[in-house]
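Take the sequences, apply the hints, and build the full model.
Residue numbers (our numbering), protein chains in the order written: chain A, 1 to 257; chain B, 1 to 519.
Don't read these hints as lab results, they were simulated from the structure.
Heads up, the beta-carbon is just placed ideally off N, CA and C, and yes, glycines get one too.
Among the clues, some could well be false.
Said to hold, decoys possible - Which residues of chain B face chain A? A few of them, derived with a C-beta cut under 10 Å, are:
(1) Ala115
(2) Met118
(3) Gln196
To be verified - Far from chain B, some chain A residues (derived; all Cβ distances over 12 Å):
(4) Ser22
(5) Glu29
(6) Ala109
(7) Arg110
(8) Gly138
(9) Asp153
(10) Thr170
(11) His221
(12) Phe236
(13) Ala239
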Amino acid sequence: MRLSIQHLTKKYGNRTVVNNLSVTVGAGETLVLLGTSGCGKTTTLRMINRLIEPSSGQILGNDIDIRQQDVQTLRRSMGYVMQESGLFPHYTVAQNIAVVPRLLGWEPARIMARTLELMAMLRLPDNLLNHYPAQLSGGQRQRVGLARALAADPPIVLMDEPFGALDPITRAGIRQEFAQLEALRSKTIVLVTHDVAEAFALADQICLMDAGVVQQYGKPHDLLDHPANAFVQHFFDLARQSAWLISSPSSGSKPGN
Amino acid sequence: MADFFTFVREQAGQLTNQILTHIGLTLASLAMALAVGMPLGIFITRQRRLAAVVLGGAGVLQTVPSIALLGVLIPLLGIGAGPALAVLFLYALLPIIRNTYVGITGVNPAIREAAQAMGMTDWQVLTRVELPLAWPVLLAGIRTAAVINVGVATLAAYVAAGGLGEFIFGGIALNNTNMMLAGAIPAALLAVGFDQGLGWLQRHGQNRGGTVLGIVLAVSLLAFIPQTGQTRLQAGFAHEFIGRADGYPGLQKTYGLKLSVRLIDQSLMYEAIRSGAVDVISGYSTEGRIKAFNLRVLTDDRHAFPPYAAAPVVRQVVLTQYPTLQPTLNLLAGKLTDSVMTELNYRADYLHQSPEQIARAFLQQAGLYQPVSGPRTGQVVLGSKVFTEQYILSAMYKLLIEGHTSLRVVAKTGFGGTQLCFSALRTGAIDLYPEYSGTGLLVILQPSPPILDSLNALPSTTRPDAIFSYVQQQFSHRYGVAWLQPLGFNNAYCLMLRQVDARQLHIQTISDLTVAARH
Numbered sequence: 001m002r003l004s005i006q007h008l009t010k011k012y013g014n015r016t017v018v019n020n021l022s023v024t025v026g027a028g029e030t031l032v033l034l035g036t037s038g039c040g041k042t043t044t045l046r047m048i049n050r051l052i053e054p055s056s057g058q059i060l061g062n063d064i065d066i067r068q069q070d071v072q073t074l075r076r077s078m079g080y081v082m083q084e085s086g087l088f089p090h091y092t093v094a095q096n097i098a099v100v101p102r103l104l105g106w107e108p109a110r111i112m113a114r115t116l117e118l119m120a121m122l123r124l125p126d127n128l129l130n131h132y133p134a135q136l137s138g139g140q141r142q143r144v145g146l147a148r149a150l151a152a153d154p155p156i157v158l159m160d161e162p163f164g165a166l167d168p169i170t171r172a173g174i175r176q177e178f179a180q181l182e183a184l185r186s187k188t189i190v191l192v193t194h195d196v197a198e199a200f201a202l203a204d205q206i207c208l209m210d211a212g213v214v215q216q217y218g219k220p221h222d223l224l225d226h227p228a229n230a231f232v233q234h235f236f237d238l239a240r241q242s243a244w245l246i247s248s249p250s251s252g253s254k255p256g257n
Numbered sequence: 001m002a003d004f005f006t007f008v009r010e011q012a013g014q015l016t017n018q019i020l021t022h023i024g025l026t027l028a029s030l031a032m033a034l035a036v037g038m039p040l041g042i043f044i045t046r047q048r049r050l051a052a053v054v055l056g057g058a059g060v061l062q063t064v065p066s067i068a069l070l071g072v073l074i075p076l077l078g079i080g081a082g083p084a085l086a087v088l089f090l091y092a093l094l095p096i097i098r099n100t101y102v103g104i105t106g107v108n109p110a111i112r113e114a115a116q117a118m119g120m121t122d123w124q125v126l127t128r129v130e131l132p133l134a135w136p137v138l139l140a141g142i143r144t145a146a147v148i149n150v151g152v153a154t155l156a157a158y159v160a161a162g163g164l165g166e167f168i169f170g171g172i173a174l175n176n177t178n179m180m181l182a183g184a185i186p187a188a189l190l191a192v193g194f195d196q197g198l199g200w201l202q203r204h205g206q207n208r209g210g211t212v213l214g215i216v217l218a219v220s221l222l223a224f225i226p227q228t229g230q231t232r233l234q235a236g237f238a239h240e241f242i243g244r245a246d247g248y249p250g251l252q253k254t255y256g257l258k259l260s261v262r263l264i265d266q267s268l269m270y271e272a273i274r275s276g277a278v279d280v281i282s283g284y285s286t287e288g289r290i291k292a293f294n295l296r297v298l299t300d301d302r303h304a305f306p307p308y309a310a311a312p313v314v315r316q317v318v319l320t321q322y323p324t325l326q327p328t329l330n331l332l333a334g335k336l337t338d339s340v341m342t343e344l345n346y347r348a349d350y351l352h353q354s355p356e357q358i359a360r361a362f363l364q365q366a367g368l369y370q371p372v373s374g375p376r377t378g379q380v381v382l383g384s385k386v387f388t389e390q391y392i393l394s395a396m397y398k399l400l401i402e403g404h405t406s407l408r409v410v411a412k413t414g415f416g417g418t419q420l421c422f423s424a425l426r427t428g429a430i431d432l433y434p435e436y437s438g439t440g441l442l443v444i445l446q447p448s449p450p451i452l453d454s455l456n457a458l459p460s461t462t463r464p465d466a467i468f469s470y471v472q473q474q475f476s477h478r479y480g481v482a483w484l485q486p487l488g489f490n491n492a493y494c495l496m497l498r499q500v501d502a503r504q505l506h507i508q509t510i511s512d513l514t515v516a517a518r519h
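Pasting the structure below:
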């Protein structure tokens, strides 16, 4: 499904959190909303599944305004993956994965078959089905979170810092797995992150935001090679510096020393 | 201890009844509090601005002492299960509203957001996510409410709603430890049982909350299924009357009377019979409302009740220490006839005049009133039992003593029963109180059957005097307590019916009632 965001603005009183944002994601593409904390990227994401209603502007899914649908029906057609996975602590793994199919009224047998399929796809052992989220590792929780988002095979998947709560090693591993996941290839994905490396690894398009305003929007290498303004330049310079810091043998020393 | 088990065995039927009523009251009020409190608690999580108001209001209700709350509700709801359930309901409300609110607001906002993002409706978010996650906190509230209510439900006995309070308060009033424990121990066990049972649910019931609450509601409804197998006439007796040898046990022995008996506080009996909550009550012959409420006093045709000549009982040491006391108290001797006392009681109970007002007016009329003057040189402590006539008499003594002597009078009124009042006198906690000869005989002295029979065998003309002098002599001898000259009236126990019923059922005597109750 093609997702088109047009002149989207969100104000809280006098404060403008998202200002006149317009981007388009083609069907099966991944759009990364990149930026620092408080830049409006999460607010934008939440307006797509109407957890937040915009002050003005509109969002079109295949050229139809998403507000024409009933809000619950809309949300059931969009997978949602959150930081810390957002799993229901009182539901088992199987029950968590089955949430949306149950809301859609699937037969139990169909739900079970789909759950097993997803467990296999995300390389989760079947003996975890009756475990509760608290009994899982961080990486396992994140996979279950993704399985839950994909359960009803929605055309769109929204991800809010999906790897944010993981340690760097697990994070890199899972990210790679996600990137290779066949089931995600055909999805239209909007992913929010502040991690530049993550953005470059997953994005077809990057939308770099600051203070609610789009600073640059385009293919990853366009942003890197042709920064549109000083902010973009500065943002990527800082990212490079920290990457250098990590790779430097005498860690802790400043670049140029 | 053996006595205790004997008592429990003998009263097993009564005890079972009380326990079931107690459980019924607790669960029914809990169910009502859940039905109102949970929706209210949920509502204020959606309207946060109202939370402070609602929680504050429920908090204030809970700080009101339970007995005071009962007092406020009696004029509104009358006597019986109504006011008892209302008090219990109000008490259970705060913990349930508060814990519903705290439980739901304590749910991680990310989890709630996830539920919305999955496409759950508001109702689904509430029932599938918020309530199950709030369950442990909510159940902690239900647990608190249940334990509070097991305790407060003992007060139901005051308003003829039954429960274990019947034995507890009866036991206290009669100084009967076994009776007291037979009520107190099951009440304590019930509280522990409720707490443990609900604790188990708190750990295991998270995803079956609806079922659990359903069961609580269903069980509590059982408590309202009317009990069968009772006689038509419902008696409401004060606890002292139920336990005293000259009370219900005496009537059972002398007449073979068998009634379905509920315990009720003696000050509420008259209201209860008037409103139709009960049909027969154990009243006092000098009660002021007999006429006003259209009641029929049944003739004690087999003389089960002894004469009850009223007189002040005073510790002898106090009389010796303050020689002016005895002549002062004797100023009232013979001044209060049956009709005068009935009239004074009427003014208090029906016209709602204060005991002090009534006492002063009477003394002025009798020419015995003297204003207080001069410094105080000593002090006596005045006691009374917890009913109108005793309050009037002690008000009268206070005015009399302070006007005619240089003594200061301290009043400790409202002792819950004869045994309590007399114990206070014996231990010197009080120095005097008004008592009745028949009560002194049967409750305090408890003479052996041969002595009782010989007193009862006397002709009715000499019997009252003989009993008075026997009691006077024995009290002086055994306890060092003096009975001063009688006030003049006799306040006998008596059974009362509504005039309408008495006419319709042709009941004039207690023998008639015994026959009528058999059908």
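So, going through the hints one by one against the coordinates:
Proximity of Ala115 (chain B) to chain A holds as hinted, the smallest CB-CB distance being about 7 Å (cut-off 10 Å). A cut of 10 Å between beta carbons decides the hint on Met118 (chain B): the least distance to chain A is about 5 Å, and the hint holds. The interface hint given for Gln196 (chain B) is broken, as the beta carbon of that residue sits about 23 Å from the closest beta carbon of chain A, more than 10 Å. No beta-carbon of chain B comes within 12 Å of the beta-carbon of Ser22 (chain A); the shortest separation is about 24 Å.
Every beta carbon of chain B lies more than 12 Å from that of Glu29 (chain A), the smallest distance being close to 21 Å; the non-interface claim holds. With 12 Å as the threshold on Cβ separation, the claim that Ala109 (chain A) sits away from chain B holds: the shortest Cβ distance comes to roughly 21 Å. Every C-beta of chain B lies more than 12 Å from that of Arg110 (chain A), the closest at about 18 Å, which supports listing it as non-interface. Residue placement check: Gly138 (chain A) keeps its beta carbon more than 12 Å from all beta carbons of chain B (closest about 15 Å).
With 12 Å as the threshold on Cβ separation, the claim that Asp153 (chain A) sits away from chain B holds: the shortest Cβ distance comes to roughly 14 Å. At roughly 20 Å, the least C-beta separation between Thr170 (chain A) and chain B is larger than 12 Å, which holds for a residue marked as non-interface. Once the 12 Å rule is applied to beta carbons, His221 (chain A) is consistent with being away from chain B; the minimum gap is 32 Å. No Cβ of chain B approaches the Cβ of Phe236 (chain A) within 12 Å, the least distance being about 31 Å, so the stated non-interface status holds.
For Ala239 (chain A), the shortest C-beta to C-beta distance to chain B comes to about 27 Å, beyond the 12 Å cut-off, and the non-interface label holds.
In summary, the one numbered hint that this structure violates is 3.
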